[in-house]
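Using the hints, put the two standalone chains together into the complex.
Residue numbers (the working numbering), protein chains in the order written: chain A, 1056 to 1291; chain S, 110 to 405.
Among the clues, some could well be false.
Chain A is faced by these chain S residues, among others (derived, beta-carbon under 7 angstroms) [what the hints assert, rightly or not]:
id	residue
1	A180
2	G274
3	R275
4	R278
5	N283
6	E284
7	A286
8	M288
9	L289
10	M290
11	I292
12	N295
From the derived model, a few chain A residues whose C-beta atoms are all more than 10 angstroms from chain S [said to hold, decoys possible]:
id	residue
13	S1060
14	Q1063
15	G1092
16	P1137
17	G1167
18	E1180
19	A1183
20	R1208
21	L1219
22	I1224
23	Q1226
24	F1228
25	G1238
Here are some of the chain S residues that sit facing chain A, going by a computed Cβ distance under 8 angstroms [stated by the list, open to error]:
id	residue
26	R276
27	A279
28	R285
29	N293
30	E329
31	P330
For the record, the hints were derived by calculation from the structure and aren't laboratory data.
Since this is a predicted model, take the numbers as computed values, not measurements.
Built from N, CA and C at the ideal position, the CB exists for glycine as well.
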Amino acid sequence: MLEVSDLQVRYSGIQALRGVSLNVGAGEVVALIGPNGAGKSTLVNAVSGLVKPAAGRILMEGRDLAAMDPWAVSKSGVIQVPEGRQVFPQLNVLENLQLGETALQGRPPAGGLEDVYDLFPVLKERSAQLAGSLSGGQQQMLAIGRALMGAPRFLLLDEPSLGLAPVVIAQVFAALRKLKSRGMTILLIEQNVRLALDLADRAYILDQGKIVLSGTSQELAADASVVAHYLGVMSE
Amino acid sequence: MLLQQLLNGIVVGGVYALFAVGFNLVFGVQRLLNLAHGAVFMTGAFVAYYTVVNGGPLILGFLLAILASGALSMLIEIVCFRRLRKSGDAEFGAIISSMGASLVIMTIWQWISKTQVLRFPFDTMPVVIYRFWGLRVSLLQLVMMGCAILIVLVMGYFIYRTPFGRRVRAVTDNERASMLMGINPNRIYNLTYFISGALAGAAGVLVGLAFNNINFTMGEPYLLYGFVIIILGGLGSIPGALLASLIFGMLQTLTIAYLPSGLTTAFIFSVLFVILLVMPNGLMGREGAGSLGRRR
Ligand SMILES: Nc1ncnc2c1ncn2[C@@H]1O[C@H](COP(=O)(O)OP(=O)(O)OP(=O)(O)O)[C@@H](O)[C@H]1O
Ligand SMILES: [Mg+2]
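Excised from the complex, chain S in its bound form (with noise of 0.2 angstroms):
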């Protein structure tokens, strides 16, 4: 039934992106690869698990999620990426900083988690069916397209509509000017971080929430998802990782539906290979956006 999975991977592309818009965000303001974003996103999964078995209703989980893991981001940016920045040459010193916060933070919630594979407790998100054109449509799928749909119209309303957001892209164009200007980047770095954190922490609620399975690995397929997307919808861009997000999620549902289980990712990334060798620059990327060269 090729409708109801172009619906599956609209939910699953609405994810990604979350994880994904975030992941570019920082990467377009900084040139730095955040490599502990997964970690991030799965601190949001566990946030919100312990907030509810101890108790909590979801939505407090979930707002508790938001809020740790933007903090988190945050935090790894002043720890790992600052004093990096002000000696030059960061690009490949992040990469090795974010990677021991990521191993830092994975774990520590083994250790919280003892090893062990968490699971929402039943009815946590009320198992309700929706059908409409012969589609069928869970609430947490609703839930999942929602929250993705308003987090993406909120965040470009901000960054295209707000004179933060106008702080946001003088930074990410000329950091040196902006400075000129009376912007102090820190602050815009801070901001950053937090909503890319936070969006990756929402991100993390969702799929542990869809998949019921939460666990201090499960950040780390969605890192390298991140990576194909963010290099797919062009480095840098907001828009293109959206776009990026869905036709990757698509592609992953569809191939899974229609194709024999060992094909699919061999598939997937047939047809990934096939868009960037039409377009280098990723589908919204532009010329040179990735270069380790100090941009002026």
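Here chain A stands alone, though its shape is the one from the complex (with noise of 0.2 angstroms):
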């Protein structure tokens, strides 16, 4: 579904991707794991279209995302749940949501509000509430909302456990299984290998802009030692 091949992305100075390819097909989970400054949200931000690449090629179904404009790309039914959540702070819960279907655009809803509030009832109940005065996991699961909102045929999800406490990292990705038995196709950027090794089915290692490893989730799990190797501290 999605093909990435020899993908180079530079910033002023740096070089953040050093030619990465990688594949995901039709519902599919696949993790990308890396220590930080890898480049993993360089990655995702390419496939969004928010950066550039210097070179290589992003194909979805065969159509370049790196020549589309990042509202296009999200359109077309790629969207990104961003690092940090980036939810719009000083819109409410339901305004954030109803935002998420601009992305629609012709293509028929998924679940729509319905779906959100069933996968996470705790926005059901906050919905007039502004959005920047949710806790870190509530932002967390209204962003992730407000991009099932598009109806995505393809996820993107960075660091979703990031900064959040253990009891709120499990309901988070309890609805990101949920989202897997229903055919999603996700591609998971973490850095708890432990979590993205149990939802996903294959995983890449990305270290320093490359792809340094890569299997199913069984077979990285099994060569924990060398997973270790390349995140040093990160692995558990």
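Printed below as a string of structure tokens:
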């Protein structure tokens, strides 16, 4: 479904991605794991059209996403839940969710509001509250819910566990597991190896802008020492 | 007569609101000061004037003024701000480029008007005075108040109750995230600048009628008032700009009526100074709303 080949991204001065190739098939959940500064966010931002690659291609069902504007990418159904949630703090919960519908543009909605409230009941309780006043975990749920309102065909999740308490992480990942069971295609960025391998079918390990290891989750989980080597203190 | 002065103050404040609400709207969305806003305001007055002296009815002049000012404001954003914003640090660059745009627009009107002070023909706006409860209100004052109230209500509805307004607020909150949700911010900018310019153009026509004095420097004091008002009301806050406009209009009217003329400006600014000492973010501003740092 998504095919990234030999992707290179440079920021003024530094090269963040040095020829990354990966692919995600329809209905697959693929994890991208790596330490701080590895280039994980850079990769999803390149897919979303926020940063333009210096070389390489990003094909989604044959269409080149690198040539598209970020809003066109999300309207095509490739929707990112960004690192640090990035909800709209001055809009209330309901308005944040309604805003997610902007990405639909002609495509039929998936489950809509009902479905999101089903997945995250707390959002229904707080629907009139300003998003900026939610806790970190609630904001993460809102960010995911907002993306779901756009009926994603491909969901990019950038570190959904970042800064959350273990109980809350469990809630968020339970919801992701539900999405997976419905056949949602997901690229999951994580630093928490165990969480990522638990959920994903396959995983890639990114270090200093290069893929250093890849395989099925079972293979990588069995090879914990190798994973630990690349991730240093990040693995548990 | 205090009540009469208060009434006059509200009328003046309403016109300031038309000017300042748009000024603050685009500041809120882009964190950029459009120093050509005064020139846009003036353009409204000139367009209405030339429509009327060429035989058009005033209402047509008013409509053309709103359209022309809106379009001009949109053009200013595209020419002066859009490329700068791509480069990242636009705050200071935008001050220079919009100042440049302001000078160009002023020069064009100076040239067209041959540096003269222009006046609407007699009876463009019929002089009708209404009296009630011992107060005097002219038709023009009623129109000014009516326009201000109408436009502010429509704006409020637009921004807080429609899907388009929701998108404007989303882009204001977080441009990057709004793009990820499928919003093209450029469209939002086009429309907000158009609205901002149209409001300023309406104010220009009303001020041109009220003082019957249209000239190529008429926007300058309003730009200064606009600054004062958005800082007093809170940077980026629409309700704040509204409230501050009314306070500023009343202060001005009252001090002119009751204080020796040399003291008026000093008094007004002392009051504003005290308000800002107590409320450093303005009446309805958020902390850090005016910071130059990039927001995420
Ligand atoms: N806008 C930018 N300008 C310049 N350099 C950047 C920019 N964004 C990221 N970088 C650099 O590119 C490299 C990769 O950053 P990236 O954010 O993609 O890493 P990451 O794997 O997502 O890290 P983290 O786990 O901390 O989120 C880092 O060295 C970072 O400092
Ligand atoms: Mg990151």
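Against the structure, the hints:
no., hint, verdict
1, A180, "24 angstroms, violated"
2, G274, "10 angstroms, violated"
3, R275, "6 angstroms, holds"
4, R278, "6 angstroms, holds"
5, N283, "6 angstroms, holds"
6, E284, "10 angstroms, violated"
7, A286, "4 angstroms, holds"
8, M288, "4 angstroms, holds"
9, L289, "5 angstroms, holds"
10, M290, "5 angstroms, holds"
11, I292, "5 angstroms, holds"
12, N295, "9 angstroms, violated"
13, S1060, "23 angstroms, holds"
14, Q1063, "22 angstroms, holds"
15, G1092, "18 angstroms, holds"
16, P1137, "6 angstroms, violated"
17, G1167, "15 angstroms, holds"
18, E1180, "21 angstroms, holds"
19, A1183, "14 angstroms, holds"
20, R1208, "13 angstroms, holds"
21, L1219, "19 angstroms, holds"
22, I1224, "22 angstroms, holds"
23, Q1226, "22 angstroms, holds"
24, F1228, "22 angstroms, holds"
25, G1238, "22 angstroms, holds"
26, R276, "7 angstroms, holds"
27, A279, "5 angstroms, holds"
28, R285, "7 angstroms, holds"
29, N293, "5 angstroms, holds"
30, E329, "33 angstroms, violated"
31, P330, "32 angstroms, violated"
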